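Residue numbers (the working numbering), protein chains in the order written: chain A, 1 to 168; chain B, 1 to 253.
In case anyone wonders, no lab produced these hints; they're calculated from the structure. A portion of the hints provided could be inaccurate.
[Stated by the list, open to error] Each computed BS3-like pair below joins lysine-lysine, with the alpha-carbon atoms no more than 25 Å apart:
#1 Lys73/B with Lys33/B
#2 Lys33/B with Lys239/B
#3 Lys31/A with Lys239/B
#4 Lys31/A with Lys236/B
#5 Lys39/A with Lys236/B
#6 Lys125/A with Lys103/A
#7 Lys236/B with Lys247/B
#8 Lys239/B with Lys39/A
#9 Lys247/B with Lys31/A
If you're wondering where the values come from, they're calculated on a predicted model, not measured in any experiment.
Letter by letter, the chains look like this.
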Amino acid sequence: MDKPGGTKTLETLPQIGISEILGLVELLISKGGREDIYKLASELQMEFGETLAVIRAAELLGVVHTPGGDVEVTEVGNRVSEAGISDRKSIIHDQLMTVPLFKTLVQYLNENEDHEALRDEVLEKLAELIPNENAEQTFLMLVNWGRYAELFGYNDDSETFYLDLEQN
Amino acid sequence: MTSGQILFELENLTHRFRLPQGDVTVLQDVSFKAREGEFIAIVGPSGAGKSTILRIINGLLRPSEGHVLYKGKPLTSTNLEAAMVFQSFALLPWLTVAENIELGLEPRGLDVAMQRKRAAMYIAKVGLEGYEEAYPRELSGGMKQRVGLARALAVEPEILLMDEPFSSLDALTSINLRDELLDIWADRDFPVNTVVMVTHLIEEAIELADRVLVLSSKPGQIAGDLTIDLPRPRRKRDKAFSEYVDKIFSLIA
Chain A
1 MDKPGGTKTL ETLPQIGISE ILGLVELLIS KGGREDIYKL ASELQMEFGE TLAVIRAAEL
61 LGVVHTPGGD VEVTEVGNRV SEAGISDRKS IIHDQLMTVP LFKTLVQYLN ENEDHEALRD
121 EVLEKLAELI PNENAEQTFL MLVNWGRYAE LFGYNDDSET FYLDLEQN
Chain B
1 MTSGQILFEL ENLTHRFRLP QGDVTVLQDV SFKAREGEFI AIVGPSGAGK STILRIINGL
61 LRPSEGHVLY KGKPLTSTNL EAAMVFQSFA LLPWLTVAEN IELGLEPRGL DVAMQRKRAA
121 MYIAKVGLEG YEEAYPRELS GGMKQRVGLA RALAVEPEIL LMDEPFSSLD ALTSINLRDE
181 LLDIWADRDF PVNTVVMVTH LIEEAIELAD RVLVLSSKPG QIAGDLTIDL PRPRRKRDKA
241 FSEYVDKIFS LIA
């Protein structure tokens, strides 16, 4: 969504691990690609809110969409499922690059010398970008997804967040 | 994938634990043979001695009666040809992902450069590239178990033992890991092709294994030995799948 004045609304991703999203895609495919959201939550014995968070995260990544009260695997989701373990990571890499928050962080790191920043600097940047969200949680999510997609790296000893330039 | 040579053989295993209130027999007269290339699941209720069987195959525990033949020879100490994946992941919190995986290679006599190389290869295989310098505390359960799996695989064991490997994970994460495990196992270049997995979930056993050994409980005895003759990927809602579920359930109950 564009706000007047051209600034983008940045949305953080829910605190959901990539494994859960990949599991969701597999589960849906085993059901023919589409399922009612309520049914899915009750089958998984997950809280409805939690199920929605997984679905929301999967949707932001573009692997599912949610027509009506259903959740359905997209073409990208099907490709993720069919890909081998390492190709899967590069598809997710490309998908993350379409998520505004990730794009903004890539830009931010590219402006910095050595394409890196200290954790505290990133937290400050996040507080500025998305003031209503918990910056530490958002940071954790960025690190986890970024590591999986080999987009970002993080060294907890030196507290350095960096752009993963070791392209595969 | 089940035409290989016999890899190990359990002969009339009985195992008792000594407890203050008296001896408890956990396994009674358990015998079976495993062939190279088989994916065997041992399924049964808790108290059926499933994990005890794995520890005996691994040589960590000597049975009270009976013996284990590994490639025709009696197993008398820790089985260095086997590697284990644990329910609780069993990672060292002060080591990074890469260091945890390399650690398993030290006792196998590989030099540091070889350890690094081997670990990197299996890190890639399980999809952990990018996580090398992460500590276990920074990882989700799914990623921790990928580390556990990579550590076991990096040893390139002849047999992979898995003790309830998906039980500590949430439902969706375990779907993802089962799927990736099958991908890894189906890879022909992959050096590890014999798997013994313990689970209390009947559906998990049928989804993954070529052969399911059903244990009854107290004491654990083999109540059934089924070949799962279904193409992969296996779908729970297929009729043939649910027939296997019913059959195993009736054997346990």
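When the structure is checked against the list of hints, which entries are broken? Sort them ascending. 2
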